[in-house]
Amino acid sequence: MNNFKFASKLRIFAIISFAIIVLGMALGTVFHFIGGGFFGYGGEYSGYKSVTVSYVYAEFGEAADVKEICEAEFGKAGIKSFVSTEADNGTSNEITYKFSQKTDDGKLKGAVEGINASLQAAAAEDTVSQSRASFGTECAVLGGGQALSRAAIAVAVIIAVQVLYSLIRYKLSAMCAALIIQLHNAGLFAAVLALCRIPVTSSVMTFAVIGSLVTALCLTVLFENIKRARKDADNAKLSAGELCDLCARRTFKTNLVFCAFLAVAAILVFVFTAISSLSLTVILSASLCALVAFAVSFYGSVIFAPAVYALFGKLSGKTAEPSQKKG
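According to numbering that gives the first Met the number 0, the sequence shown holds residues 0 to 326 in order.
If you're looking for bench data, these hints aren't it; they were derived computationally from the structure. Be careful, since some hints might not be right.
Unchecked claim - In silico DMTMM-like links for lysine to aspartate or glutamate, alpha-carbon gap of 25 Å or less:
no.: 1; residue 1: Lys79; residue 2: Asp64
no.: 2; residue 1: Lys106; residue 2: Glu93
no.: 3; residue 1: Lys75; residue 2: Glu58
Said to hold, decoys possible - Label-pair restraints from in silico Cβ distances:
no.: 4; residue 1: Lys101; residue 2: Leu166; range: 26 to 34 Å
no.: 5; residue 1: Leu22; residue 2: Leu147; range: 18 to 26 Å
no.: 6; residue 1: Leu166; residue 2: Ala18; range: 26 to 34 Å
The beta carbon of each residue, even a glycine, is placed where N, CA and C say it ideally should be.
Let the sequences and hints guide you as you build the complete structure.
Next up, the structure:
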């Protein structure tokens, strides 16, 4: 990165960001109408329908026997579950089949009646089967809208504070660059989540807030370095682009290590959580959201920001013309 010129790559960075955001928004819109949601919502925010089958070992010694009955009835009804889970309490077992919200209730209830009839037929003569199947509907967690609104308020406050601080300490060019980068990172974060279909739960709100904080800190490091470099007499003849390139290269490793440390720390926290809960699915959504949040923050505030700041610096006309010829 010793000779990389960030300021001259503004058009390339803008095209990359624009393409990702447009593709993410377009794909999210398509899935909103045909795939159940703009984002790939996790179980916390996406409701589902379920068929729960409880059976006792006295009647069925193997889960495979019950699964065979259930799957046969689902096949007759023309429906298919997207996931199934099992629970064992020592004397009985429970299998839960989950279906999308769009699955027809009549077909599910018909399948439940068929399963109960098959369970009864498999029981001993002159006895009532203790194994039963039941149909239910699970709604998304209440309060999701509050989490979204509060996270949005927190992000707005962070952006407002940074914009005002940048205006007071680093002047108008830094304020405009900070606002543009914060909005850019927020849009890019949402677009990548929609584009990659990462399971979205309440953790995404947390990382949206943390991402805006990381962006603010990385930008402050860059702006502070530019402010000090501008006071150096050796840099008096540097143009806005050259000054930004110089300071971006100086702060690149610091911001890279900072973002990488946060990403690794977040993943380790969720890995240890998964170990304690004996479930790998616990870390999937949060870990991926953490990686996306910190990757977007790094790209926006460390790679894209110097080019944006240089643009506003040129518009302000406070810096010298380029001291070197393009080669």
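For the pair supplied as a hint, Lys75 and Glu58, confirm whether the alpha-carbon distance does not exceed 25 Å. Given that 25 Å is the threshold and the Cα spacing comes to 24 Å, the pair holds.
Does the beta carbon distance between Leu22 and Leu147 stay inside 18 to 26 Å, or does it fall outside? Holds: the Cβ-Cβ distance is about 23 Å, inside 18 to 26 Å.
Agreement of Lys106 and Glu93 with the hint, judged by alpha carbon distance not exceeding 25 Å: With a Cα-Cα distance of about 21 Å, the restraint between Lys106 and Glu93 holds, given a limit of 25 Å.
Leu166 versus Ala18 beta-carbon gap, inside 26 to 34 Å or not: Holds, at about 31 Å.
For Lys101 and Leu166, compare the CB-CB distance with the range 26 to 34 Å and indicate the outcome. violated, 50 Å
Do the alpha carbons of Lys79 and Asp64 lie within 25 Å of each other, as the hint requires? The given pair, whose Cα atoms are some 18 Å apart, holds under the 25 Å limit.
Of the hints listed earlier, the one the structure fails to meet is number 4.
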